[in-house]
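A.B. asks: Chains as they are written, first to last, in this note's numbering: chain A, 376 to 703; chain B, 404 to 561; chain C, 135 to 623.
Among the hints, a few may not be true.
[Said to hold, decoys possible] Subject to a maximum C-alpha distance of 27 Å in a straight line, what follows is the list of computed BS3-like cross-link-like pairs (lysine-lysine): (1) A:Lys664 with B:Lys498; (2) B:Lys411 with A:Lys664; (3) C:Lys372 with A:Lys670; (4) C:Lys568 with C:Lys540; (5) A:Lys592 with B:Lys498; (6) A:Lys402 with C:Lys419.
Because the hints were derived from the structure by calculation, they are not lab data.
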Amino acid sequence: MSKPKFAMYWAASCGGCEIAVLNTNEKILDVDANFEVVFWPVAMDAKYKDVEAMEDGSILLTLFNGGIRNDENEHIAKLLRKKSKILVAFGSCACEGCIPGLANFSPSRDITDTAFSTISTDNPDNVRPQTHYMMPEGEITIPTIYPVLRTLEQVVDVDYYMPGCPPESHQIAAVIDLIIQVLQGKAELPPKGATIGAGNSTVCDECKRKRNVKLIKEFGRIQLMHADPDLCLLEQGIPCNGPATRSGCNARCPSAGAQCIGCYGPAEGVQDYGSRLIAAFASVIDSEKPDEIDKILDGLVDPAGQFYRFNLAGSMLRAGKSAKVSGD
Amino acid sequence: MSDKPETKQFEPTIIGFTCNWCSYRAADMAGTARMKYAPNVRLIRLMCSGRLDPMFVFKAFAGGADAVLISGCHPGDCHYINQNYKAMRRFQLMKRVLAQLGIEPARLKLLWASAAEGAIFASEITKFVEEVRALGPLNFNATGFENQPKVEHKEVPA
Amino acid sequence: MTQRITIDPITRLEGHGKIEIFLNDDGDVANTYFQIPELRGFERFCVGRPVEELPLLTNRICGVCPEAHHMAGAKAADAVYGVDIPSTAKKLRELLYMAFYCTDHTTHFYALGGPDFVMGPDAPVAERNILGVIHKVGLEIAGKVLQMRKYGHDTVEIIGGRKVHPCTSIPGGLTKGITEEQRVEIEKMGRWAVEFGQFSLKLFADVVLANKTYLDLILGDIYTHRTYSMGMVDENNKVNFYDGKVRVTGPDGKELVKYAPKEYLDNIAEHVEPWTYLKFPYLKKVGWKGFVDGADSGVYMATPLSRLNAADGMATPLAQVEYDKFYKTLGGKPVHQRLAIHWARLIELLYAAERWVELATDPEITSPNFHTIPTATPTEGVGIVEAPRGTLTHHYWTDERGVVTKVNLIVGTTNNNAPITMSIMKAASSLIKKGNVNEGLLNMVEMAFRAYDPCFGCETHSLQGQMPLEIRILKPDGEIVEVLKQFIE
Ligand code: SF4
Ligand code: SF4
Ligand code: SF4
Ligand code: FES
């Protein structure tokens with residue numbers, strides 16, 4: 376009997392998701408033992424044309440990481456959707472846009488204008504890369520960059536979501552185990568649309584720092600103080616995204632003295648990540664006077680960046696309406 | 404207040420979240436007393452302004468609202484002690500976030516009104532409608548995609 | 135009649151770099167273009183963010199070398215506040231960075247660049263990958279490679295909080311220190327890494343240097359470019375990855391300039407071409423003369439080889455012995471044969487491991503003094519580290535609240551954009567004559583390319599692992615004359 380087929384692909388990704396998979400070490404061998412790896416550009420021959428030639432639905436499992444930044448990314452997302460039974464949005468980029476999604480704050484023109492007019496750029500004629508360019512020898516082309524970065528589900532139907540930037544290796548290992556058990560008939564797949572490889576509560580729930588329901592008179596900056604290593608960072612005024620962020624990483628960053636920046640995305644049941652954080656941050660402010668509240672808020676220098684750092688492309692106000700808002 | 408709005412003038416859509424105890428009654432009173440106020444506002448009743456999840460506001464904007472009104476009991480009068488202060492803090496923070504997302508903060512308004520202040524409620528709403536009318540339609544493009552030039556997918560001539 | 139050859143890594147739809155080769159009427163190479171099709175815009179969207187977040191945000195430029203961005207970002211943010219970080223913090227950051235270097239150089243030698251040598255350039259394509267290496271050198275070595283990767287990542291995690299995308303460097307130092315138990319653990323792993331580094335160099339000597347064919351290949355002309363060399367050095371002009379001044383030496387090996395991070399703008403500029411999203415940095419004082427070699431052309435390389443060329447030696451004893459051997463074997467300093475980059479990489483691996491142990495046994499390393507609160511008003515700052523793939527420069531400007539107003543980044547691989555283009559041109563020109571495309575073209579172009587260990591995640595998004603290539607040769611009317619494939623079945 377032939378083994379079920381496995382694929383992993385990166386669209387507009389940084390490669391960290393692939394490194395995280397490689398960091399599962401011996402689990403890679405389990406994948407190899409239980410699956411026929413048919414497409415995985417980082418690890419093996421990328422037989423793109425073979426994928427095209429495959430029967431629809433013939434790949435059992437595809438892990439897709441990276442966001443959709445250009446026409447090529449979209450094309451391959453659609454192709455892999457067609458060929459795969461189970462398509463997993465793998466990592467924050469595919470799930471919610473991640474840091475590259477912050478590009479959606481600015482018009483795409485600004486992005487190129489900035490990149491090609493930086494202080495070290497020698498560009499007196501204000502040249503911009505052209506998608507089609509005529510050289511003396513002939514025309515050469517580069518793909519078009521889309522005006523915004525989109526998440527995988529804004530382009531194709533997604534079966535499961537695996538959050539994290541990148542997903543923690545122990546979580547990846549657990550998911551690989553689960554799927555192998557499913558193959559052996561020892562476990563069942565979670566319902567479609569579920570988030571896998573993560574917890575159901577918040578980073579705060581996993582965080583060992585002590586909370587005293589203390590309110591704050593000002594927001595602080597992590598570099599401008601010596602934070603108490605045992606107390607909740609948010610209660611010390613340091614903007615920590617733990618309250619809205621999905622558990623699953625064992626509160627890694629707060630354990631290392633840093634604030635949670637939110638890479639696991641919205642916690643279970645949170646429809647709009649930033650909204651949840653607005654509510655959470657508003658409730659730690661110790662004031663009932665509008666002026667004073669404004670003064671305290673001045674200490675939060677980049678609220679939209681803080682609240683939508685990983686989630687802008689996938690958020691309510693920057694998401695495909697059809698994908699999230701109207702579907703509720 | 405003019406009886407008939409000029410033809411073709413922009414009619415903003417405004418979603419209003421009101422507290423059950425005071426502002427909703429104020430609105431109700433304004434209505435029963437036949438006080439005229441602009442019909443642009445669709446009111447949604449909450450038990451208390453403190454129940455306003457910022458997500459409702461964002462959802463309203465994403466769904467096509469040109470502006471959002473939040474109203475609740477006057478400071479000190481909230482039936483759930485101080486929940487309206489919570490609404491106020493959220494409101495002030497939301498305005499900042501909206502501004503960064505390209506939505507004018509003036510499209511979000513907080514209004515305190517007691518059950519007896521039907522007239523004030525009506526006139527404030529009318530004022531708000533005019534302010535929003537001056538701002539023009541929001542046309543928030545949640546995807547950032549529709550209004551952009553269509554991307555040509557041209558095959559690379561090999 | 136112009137013929138066009140397109141080499142498209144992986145597939146034509148992948149968008150991870152593309153090579154176009156045009157032939158002239160005689161069937162010789164008229165020109166080559168190496169194109170990068172992606173742009174993500176970090177320089178734009180980092181604006182408006184608090185400066186302490188930049189070491190975290192810029193991590194996501196590249197998941198292969200996030201540690202390099204984390205360090206360059208943290209150093210730039212320190213400079214923005216004009217804060218001197220405590221020496222414990224500096225040592226901890228460098229220690230993390232050494233562990234990262236060991237992991238990264240290991241991955242690239244054994245999985246990416248090395249197979250060309252270990253398996254031999256003539257080995258069947260299907261075997262010239264990590265699995266082929268495992269089969270040839272044995273599972274035991276494969277186990278060592280995995281162990282090295284694991285130890286590196288474990289050390290990164292202990293100091294940096296996370297294995298991928300570390301989170302503990304902030305302006306003024308770190309958010310945490312390490313305990314004595316952790317130090318012991320790190321030291322143990324470092325000592326193992328030193329052995330691994332020596333082992334790798336021995337493997338290289340046995341398999342590559344002892345084989346005349348390989349040695350000739352390294353020394354051959356196809357892969358030679360006489361350009362400037364760039365690398366960071368310490369106060370004794372020894373190679374350093376974390377801190378120091380950037381030194382540039384000429385094709386003749388003489389120092390052109392040695393500049394402090396904040397002087398980079400006097401020394402580096404980036405040339406723009408309309409047919410690629412990736413810019414071409416060059417030495418400002420020499421000037422952009424196009425894609426040419428020589429002392430009059432501002433093209434430079436920033437690789438393990440250039441770092442060795444630009445320095446006077448290695449700061450650790452075992453690596454210094456290897457350094458001497460390197461130049462003795464290859465005919466003196468500087469070395470311009472690009473394939474020597476692989477060897478240089480292993481010497482750096484050994485240095486990083488030795489430095490790892492030095493730092494792990496430094497009595498200061500467990501001190502709780504790992505953060506200084508900055509007091510000055512933030513303004514502007516530059517941070518430079520040596521990323522494995524080249525000198526990495528981060529430059530931030532902020533307002534008085536420390537909110538970023540402008541960002542400039544010159545990232546590792548970008549430095550080598552021009553030399554890579556030139557190496558491709560050279561390999562193509564020597565292998566395509568009178569319209570005859572040598573079957574070895576793919577192979578040779580790929581080797582030229584891979585020596586740089588290009589990782590365009592740095593500027594675009596992709597990690598170039600194996601380089602499946604496809605070359606199409608077409609008549610002007612578009613009819614396919616010939617398709618050569620490698621890695622693509
Ligand atoms: S989710 Fe994070 S680690 Fe994964 S590709 Fe995106 S930026 Fe890289
Ligand atoms: S806010 Fe941050 S520090 Fe506080 S409990 Fe939550 S995760 Fe921990
Ligand atoms: S603490 Fe937050 S930012 Fe850190 S790994 Fe966990 S979810 Fe990601
Ligand atoms: S009950 Fe009216 S605002 Fe709370």
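A.B. asks: All hints are to be evaluated individually against the structure, with a verdict given for each.
C.D. replies: Tested hints:
1. Restraint check for A:Lys664 and B:Lys498: satisfied, since their Cα atoms lie roughly 16 Å apart, inside the 27 Å limit.
2. Among the hinted pairs, B:Lys411 with A:Lys664 is inconsistent with the structure: their alpha-carbon atoms are about 42 Å apart, more than 27 Å.
3. Under the criterion of a C-alpha separation no larger than 27 Å, the hint pairing C:Lys372 with A:Lys670 is inconsistent with the structure, at around 51 Å.
4. A distance of roughly 50 Å separates the Cα atoms of C:Lys568 and C:Lys540; the hinted pair therefore is violated under the 27 Å criterion.
5. Between the alpha carbons of A:Lys592 and B:Lys498 the distance comes to roughly 20 Å, so the proposed pair stays at or under 27 Å and holds.
6. Proximity of A:Lys402 to C:Lys419 is assessed by CA-CA distance (about 51 Å); at most 27 Å being required, the pair is judged violated.
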